[in-house]
Amino acid sequence: SQKIEQNSEALNIQEGKTATLTCNYTNYSPAYLQWYRQDPGRGPVFLLLIRENEKEKRKERLKVTFDTTLKQSLFHITASQPADSATYLCALEASNYQLIWGAGTKLIIKP
Amino acid sequence: KAGVTQTPRYLIKTRGQQVTLSCSPISGHRSVSWYQQTPGQGLQFLFEYFSETQRNKGNFPGRFSGRQFSNSRSEMNVSTLELGDSALYLCASSLDFGNTEAFFGQGTRLTVV
Numbered sequence: 001s002q003k004i005e006q007n008s009e010a011l012n013i014q015e016g017k018t019a020t021l022t023c024n025y026t027n028y029s030p031a032y033l034q035w036y037r038q039d040p041g042r043g044p045v046f047l048l049l050i051r052e053n054e055k056e057k058r059k060e061r062l063k064v065t066f067d068t069t070l071k072q073s074l075f076h077i078t079a080s081q082p083a084d085s086a087t088y089l090c091a092l093e094a095s096n097y098q099l100i101w102g103a104g105t106k107l108i109i110k111p
Numbered sequence: 112k113a114g115v116t117q118t119p120r121y122l123i124k125t126r127g128q129q130v131t132l133s134c135s136p137i138s139g140h141r142s143v144s145w146y147q148q149t150p151g152q153g154l155q156f157l158f159e160y161f162s163e164t165q166r167n168k169g170n171f172p173g174r175f176s177g178r179q180f181s182n183s184r185s186e187m188n189v190s191t192l193e194l195g196d197s198a199l200y201l202c203a204s205s206l207d208f209g210n211t212e213a214f215f216g217q218g219t220r221l222t223v224v
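Listed in order, the protein sequences are those of chains Y and B. Take the first sequence: its letter number 66 is residue 66 in my numbering, and every next letter is one higher. Positions in the second sequence are counted from 1; adding 111 to them yields my numbering.
Isolated chain B (complex conformation):
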């Protein structure tokens, strides 16, 4: 079956702009989590959605938001981009909320200039 699909793969934005990243989970998976990864840092948890509801939220400013649609696809939005937002953004899907194994997409590489 198809894996987790993230689009776009690469993105270059200017400071102050906003960006929307998309994630299509594995078919049948209802939980989607988002992470930010920067060099030398572990994956930093952004938020998790299950059945269109945000179940968990990490310690990120309100500029970071997300949503999940009825087909489990998810988007995350970052407004007023800062240089420090440059990172690899990873989406992971799981069968259920609190499920154990996470399946990751290849990520979206965001560069803010």
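Excised from the complex, chain Y in its bound form:
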């Protein structure tokens, strides 16, 4: 069956360290994968998109990798700050442009 999985447990990281979140999928061949941030009571906010022919994408302190062989994307936040605390969602493009979403990983950055 088709699945997209993110770490269900909260990730606790010390301020200043690099946070790494994982998104694994099975039985999909997405043309691209996206990462979003969601704060409590609010809608998700787009962060980064990476296409199947791209290995890595960067935006300021954010970096995303996409390994289509492993069927995995890693999302990194370097020099993490308490303000980075949120739930991070990955979404991949399934058939007919429909986005399929992971359940999200809650990231907690401790001062």
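Just so you know, the hints here were simulated from the structure itself, not pulled from any lab data. Among the hints, erroneous ones may be present.
Said to hold, decoys possible - Just a few of them, taken from the derived set where beta-carbon distance is under 8 Å, the chain Y residues facing chain B:
#1 Tyr28
#2 Pro40
#3 Gly43
#4 Pro44
#5 Phe46
#6 Leu49
#7 Asn96
#8 Tyr97
#9 Gln98
#10 Leu99
#11 Trp101
#12 Gly102
#13 Ala103
#14 Lys106
What the hints assert, rightly or not - Derived DEER-like restraints, expressed as beta-carbon distance ranges:
#15 Y:Ala79 <-> B:Arg184: 36 to 44 Å
#16 B:Gly173 <-> Y:Lys17: 45 to 53 Å
#17 Y:Ser8 <-> B:Lys124: 28 to 36 Å
#18 Y:Lys55 <-> B:Gln129: 43 to 51 Å
Said to hold, decoys possible - Here's a subset of chain Y near chain B, in silico, CB distances under 10 Å, partners left out:
#19 Tyr36
#20 Leu70
#21 Leu89
#22 Ala91
#23 Glu93
#24 Ile100
#25 Gly104
The C-beta atom is built at its ideal place from N, Cα and C for all residues, glycine as well.
Please arrange chain B on chain Y, whose structure you already have, making use of the hints.
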């Protein structure tokens, strides 16, 4: 420019009633998608509209329906509400169908009692 606007923000309904939620996309965006989000679940895709036509539909019962108007505004309707329909309903707009980046509204929190 103004973001995606969803109304109402909060709603309490009784089992068996019906409800209509509204979404105004970003000006110029022609694609509107609807999602249901419950605690511990990822966003569950309901449907996507583009140029007043439903282009994609998720795996939800027929009680869930939607439409899009010529100005790209969209509504979704849930009939015969069940307790399990309690959720955050999110609307996202995109420039075009199949476009990459989705812009979300703040959602409508529906509680069915």
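Checked hints:
no., hint, in the structure
1, Tyr28, "14 Å, violated"
2, Pro40, "11 Å, violated"
3, Gly43, "3 Å, holds"
4, Pro44, "5 Å, holds"
5, Phe46, "5 Å, holds"
6, Leu49, "5 Å, holds"
7, Asn96, "6 Å, holds"
8, Tyr97, "3 Å, holds"
9, Gln98, "5 Å, holds"
10, Leu99, "7 Å, holds"
11, Trp101, "4 Å, holds"
12, Gly102, "5 Å, holds"
13, Ala103, "4 Å, holds"
14, Lys106, "11 Å, violated"
15, Y:Ala79 <-> B:Arg184: 36 to 44 Å, "41 Å, holds"
16, B:Gly173 <-> Y:Lys17: 45 to 53 Å, "49 Å, holds"
17, Y:Ser8 <-> B:Lys124: 28 to 36 Å, "30 Å, holds"
18, Y:Lys55 <-> B:Gln129: 43 to 51 Å, "49 Å, holds"
19, Tyr36, "8 Å, holds"
20, Leu70, "21 Å, violated"
21, Leu89, "7 Å, holds"
22, Ala91, "8 Å, holds"
23, Glu93, "8 Å, holds"
24, Ile100, "7 Å, holds"
25, Gly104, "7 Å, holds"
Checked against the numbered hints listed earlier, the structure breaks hints 1, 2, 14, 20; every other hint is satisfied.
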